[in-house]
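Protein chains: 2
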Amino acid sequence: MKPFFKLKSRKELQDLIKEFSPLEAVSADIAEALNHALARDIKSPEDLPPFTRSTMDGFAVRAADTFGASETQPALFEVTGEVRMGYPPDSISLEPGQAARIWTGGELPGGSDAVVMVEHTQAIDASTIEVSRAVSPRENTIQKGEDVQKDSVVLARGTRLRPQELGLLAGLGITGITVHRQPVVAVISTGDELVRPDSPPRRGKIRDINSTTISALVRIAGGIPVNAGIVNDSRQHLTSACLEALDMPADMVLVSGGSSVGQRDYTIEAFKAVEGSSLLAHGVSVRPGKPTILARAGRKALVGLPGHAASALVVFCLFVYPLLKRLQGFILPKDLYLPEITARITSNYPSQPGREEYLRVSLKGNSPLPDAEPIFGKSGLIYPVARADGLLVIPRDSEGLHAGERARVMLLP
Amino acid sequence: MKPFFKLKSRKELQDLIKEFSPLEAVSADIAEALNHALARDIKSPEDLPPFTRSTMDGFAVRAADTFGASETQPALFEVTGEVRMGYPPDSISLEPGQAARIWTGGELPGGSDAVVMVEHTQAIDASTIEVSRAVSPRENTIQKGEDVQKDSVVLARGTRLRPQELGLLAGLGITGITVHRQPVVAVISTGDELVRPDSPPRRGKIRDINSTTISALVRIAGGIPVNAGIVNDSRQHLTSACLEALDMPADMVLVSGGSSVGQRDYTIEAFKAVEGSSLLAHGVSVRPGKPTILARAGRKALVGLPGHAASALVVFCLFVYPLLKRLQGFILPKDLYLPEITARITSNYPSQPGREEYLRVSLKGNSPLPDAEPIFGKSGLIYPVARADGLLVIPRDSEGLHAGERARVMLLP
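For the record, the sequence lines run as chains A and B. If you're matching positions, the first sequence starts at 27 in the numbering used here and goes up one per residue. If you're matching positions, the second sequence starts at 27 in the numbering used here and goes up one per residue.
Rather than coming from a laboratory, the hints here were simulated on the basis of the structure. Note that the structure is predicted; figures quoted are calculated from it, not measured. Wrong hints could be hidden among the right ones.
One copy or two, it doesn't matter: identical chains are merged, so the pair holds either way.
To be verified - Subject to a maximum C-alpha distance of 20 Å in a straight line, what follows is the list of computed EDC-like cross-link-like pairs (lysine to aspartate or glutamate):
#1 Lys69 <-> Asp224
#2 Lys316 <-> Glu38
#3 Lys32 <-> Glu145
#4 Lys390 <-> Glu366
#5 Lys404 <-> Glu165
#6 Lys404 <-> Asp139
#7 Lys390 <-> Asp361
#8 Lys170 <-> Glu72
#9 Lys69 <-> Asp55
#10 Lys404 <-> Asp73
#11 Lys316 <-> Glu145
#12 Lys360 <-> Asp415
#13 Lys176 <-> Asp224
#14 Lys32 <-> Asp116
#15 Lys32 <-> Asp259
#16 Lys404 <-> Glu172
#17 Lys360 <-> Asp397
#18 Lys176 <-> Asp67
#19 Lys316 <-> Glu425
#20 Lys69 <-> Asp397
#21 Lys176 <-> Glu72
Given only the sequences and the hints, what does the whole structure look like? Please build it.
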């Protein structure tokens, strides 16, 4: 007889992720830090911008001198100089009624507090302009420290470094930072029936799909996959493969397969054979994905995934993705989990209560919610998975959804 | 005086992307092809699975022999053998009333057409079982070719290769494919006031933000960024830098800066100096992002981006991102453009009609639509951009939005 599982809920299993600590912080150059998590808060060493700048091409003025200016009653200004881009305008200091030519990004000269756009001026002669619109103090400028103030925390530990965060660091002169190391993940497929994708299978054999799918998912989650090959259904071989992977050293071992009782037992026994390991979960009440195994050995994670490609994908997205993100030091739910949207299911879908179900859907339209069309097909098939945009969540206690009902959809990467 | 722009609409500029052809197809191993676009249709060389398989641990039977079986009236079967995983069950051929032990993934033996789950059986003695539930033909099996039929087109040219598509290819034994080459993108920043991020700026200078931000965006869009450095405001230097970048050879040159009239003219003149170039657009009616330049020289793209980091980001997301995706052979709008969702704006926001406005927002909640909270701040600032999750679109002819109104939001990568 199959053993009965003591199933954990999705939430319980996701909460176990907190048992794992982020990996060590390492130095990184901002040019190579895209999508890593900051290991420490970043304080600004200086004001940005370091001086008050113009945001327009035009003329630096004292705003008060423009008050009341209009098309019919323009204000007259004497042009006393030009701010040269990239140089401090130390030679210029405006007196009342004076203006200085300035370009976008130029430093405001002494005495000025605003910029008049060139479009609102008219040259009268070589050194005189008319200004046809009033400006208020600070108009068309960015003040010293307006973007970032010296000593303020600009980016917090755990922040995902997107292009704009990297640009902010560049602007502050911070080109070297610390991020959490990427986890190395050994990917193992088990099954006597499996051959490598590049081998012609003899009769009775089938090509291994999971190594390819799971390695690519690891890469998407920010990990470094190492294909540790195919292991046959043998306790001893699987145990050796896990121990070798940890010696590599891998930070996580992902074993897929083991749909049959024997194989599943071997995965558990292989994990138990790892020194200092403890079993955190064996079975989760999601469909597909029930025969999931999670264990920990020190800071290392040992995960058993179902053998079917569709089931392995669901379990990866729900549990392994956030665990890999956690190891990389991410903190916010939006960085830990795949994004979810609300959609409308397009047809009736009955579900068996008791387990949260993850239904493959393709998404269409957007007005205002996208339509989610169920993709039918057994979880042992890979082609229906290749047609899916997301996984629609049917709650644990629901008997199904009616066409037109709203549901959450986790977007596949 | 500034020249007046003949502005193109967003749609007109996006349509110009079709003037560019995808780059050459190159060979790739599936292990390295994640997120590339297939250069050719893929036909399946074989059936998947290659034989009819069990999806359960249990017993292969003739379904008809189970008809009428129940808990109270179980059907008796003689167990004649076991299907060994990974081997063809040639030695087994079921007669009426016979069953064979089988595991998940095992090949159905001759004479059988269904599988009874082990949970619905009871061993009577070493070679006899009781079956307590009827199965229909094909139940608990995956038929030969049920996933993919030989000679069918499984993946079309232009398909983005996600983990599941790569798994499908692995399952079919297709480990070598052709994808479109990644574009090499030279990133140039212009401005006399700019210094490299790792240099302490002298007074009047400011650190270059755009090289960092734009290089990271290029990487996200699947391109290979090459930092071609900072060029001062000189027609001659900018022209040389563009020509050198094209000789590298780069497939695209991205020049940012040129907010001042002189600089903008230099960018246009540098693009004109490229042999065989033609100017496709100069100015686009979006806010921010008006001073955008697009030119083509043969198969190469020349793009002038605004100097402000926030404006450059908008223009990149709207035009450069899809252009880079097009060069990589993507076809579907969902692969060419950044994703958009519908959200509700949380506060009133007035907009000036005439240009489509892209407002930075942070997104919160999801019930059923997320809240989009405007992030205020001049486009010359970088910090507000680092707080944004998306860009909310205010239509061209709108005078603004009221709190609670629905709007489209383009999600930042």
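Now for the hints, and whether the structure bears them out:
1. Lys69 <-> Asp224: The answer is between: 17 Å across copies meets 20 Å, while 51 Å in one copy does not.
2. Lys316 <-> Glu38: For Lys316 and Glu38, the Cα distance is within 20 Å only inside one copy (14 Å; across copies 50 Å).
3. Lys32 <-> Glu145: between (74 Å within a copy, 17 Å between copies)
4. Lys390 <-> Glu366: Both, since 15 Å and 12 Å are each at most 20 Å.
5. Lys404 <-> Glu165: between (64 Å within a copy, 11 Å between copies)
6. Lys404 <-> Asp139: between (70 Å within a copy, 17 Å between copies)
7. Lys390 <-> Asp361: Only across copies: Lys390 and Asp361 sit 14 Å apart there, 25 Å inside one copy, limit 20 Å.
8. Lys170 <-> Glu72: Within one copy, since 10 Å is at most 20 Å while 67 Å is not.
9. Lys69 <-> Asp55: This pair counts as within: shortest intra-copy Cα distance 17 Å, inter-copy 44 Å.
10. Lys404 <-> Asp73: between (59 Å within a copy, 16 Å between copies)
11. Lys316 <-> Glu145: between (68 Å within a copy, 16 Å between copies)
12. Lys360 <-> Asp415: Classified as both; 19 Å inside a copy, 10 Å across copies.
13. Lys176 <-> Asp224: between (57 Å within a copy, 18 Å between copies)
14. Lys32 <-> Asp116: neither (76 Å within a copy, 38 Å between copies)
15. Lys32 <-> Asp259: For Lys32 and Asp259, the Cα distance exceeds 20 Å both inside one copy (24 Å) and across copies (69 Å).
16. Lys404 <-> Glu172: between (58 Å within a copy, 10 Å between copies)
17. Lys360 <-> Asp397: between (23 Å within a copy, 15 Å between copies)
18. Lys176 <-> Asp67: The answer is within: 14 Å in one copy meets 20 Å, while 56 Å across copies does not.
19. Lys316 <-> Glu425: The answer is within: 18 Å in one copy meets 20 Å, while 53 Å across copies does not.
20. Lys69 <-> Asp397: Neither way: Lys69 and Asp397 sit 45 Å apart in one copy and 30 Å across, limit 20 Å.
21. Lys176 <-> Glu72: Intra 4 Å, inter 65 Å, cutoff 20 Å: intra-copy only.
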